[in-house]
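Q: Sequence:
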Amino acid sequence: MSKQTALALLEESRVQDKVKGVDISGLDLTQTDISETSTELLKGTGVILRAGILDLAYFLDADFTSANLEGASCNQTAFFDCILHQVTATNADFTHANISASSGSECDFSSSEFDNATLWASIFVKSNFSDATLTQVEASSACFDEANLTNADLSDGNFTETVFRKANLTGANLSGGNFTGCNFTGAILTDVNWDNATLTGAKFDPGVVI
30 MSKQTALALL EESRVQDKVK GVDISGLDLT QTDISETSTE LLKGTGVILR AGILDLAYFL
90 DADFTSANLE GASCNQTAFF DCILHQVTAT NADFTHANIS ASSGSECDFS SSEFDNATLW
150 ASIFVKSNFS DATLTQVEAS SACFDEANLT NADLSDGNFT ETVFRKANLT GANLSGGNFT
210 GCNFTGAILT DVNWDNATLT GAKFDPGVVI
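Under the numbering used here, the first residue of the sequence shown carries the number 30, and numbering increases by one thereafter.
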């Protein structure tokens, strides 16, 4: 699909909910404003949205495999049942975003902001959240297996029944968070801040002292 056609459909989706058939795969949409658009089954494999504006956009069943969202603004953006495999989104803003039931494996979210975001039941296996802020998030039933959360701020969030198997949480701030029923087996927990965290029923390797 040409860039002109794709942008025309996205513009249409600002007034019509869940427009189907939009294909922005491989397009260079650097600094493009696609805020408040509403699409279903969008194809965005390899799209470049570096420093793009996606605020309040709605994506249902979109495929953003290998997309570049570096420095993008995704404030209050909704990603429902989306494929976010190998997305690069360093220094991006996902404040108040809703990334639910989505697959974000092997992504780079380092130094990004997820404050007050919803990450319910999403999968972030082997993704990089180093130096990211995830304060006051709703991330119950999510999966961070083998993720890099070095120096990440997960304070005051709800991570009930979330798994962190073999994740690297070195220097992470988990203070005030709810980690009831979480699985931390095999995780690296050096210098983690657990102050006032709820760990009822959480699983750790034998001998780990919190």
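Hints may contain errors.
With a cut-off of at most 25 Å between alpha-carbon atoms, the simulated DMTMM-like pairs for lysine to aspartate or glutamate come out as follows [stated by the list, open to error]:
(1) Lys72 <-> Asp52
(2) Lys155 <-> Asp62
(3) Lys195 <-> Asp137
(4) Lys47 <-> Glu69
(5) Lys155 <-> Asp90
(6) Lys72 <-> Asp62
(7) Lys232 <-> Asp220
(8) Lys155 <-> Asp92
Simulated from the structure, these hints should not be mistaken for lab results.
Q: Each hint: holds or not?
A: Results for each hint:
no. : hint              : verdict
1   : Lys72 <-> Asp52   : 5 Å, holds
2   : Lys155 <-> Asp62  : 30 Å, violated
3   : Lys195 <-> Asp137 : 17 Å, holds
4   : Lys47 <-> Glu69   : 5 Å, holds
5   : Lys155 <-> Asp90  : 22 Å, holds
6   : Lys72 <-> Asp62   : 17 Å, holds
7   : Lys232 <-> Asp220 : 18 Å, holds
8   : Lys155 <-> Asp92  : 19 Å, holds
In this structure, only the earlier hint numbered 2 is contradicted, and the remaining ones agree with it.
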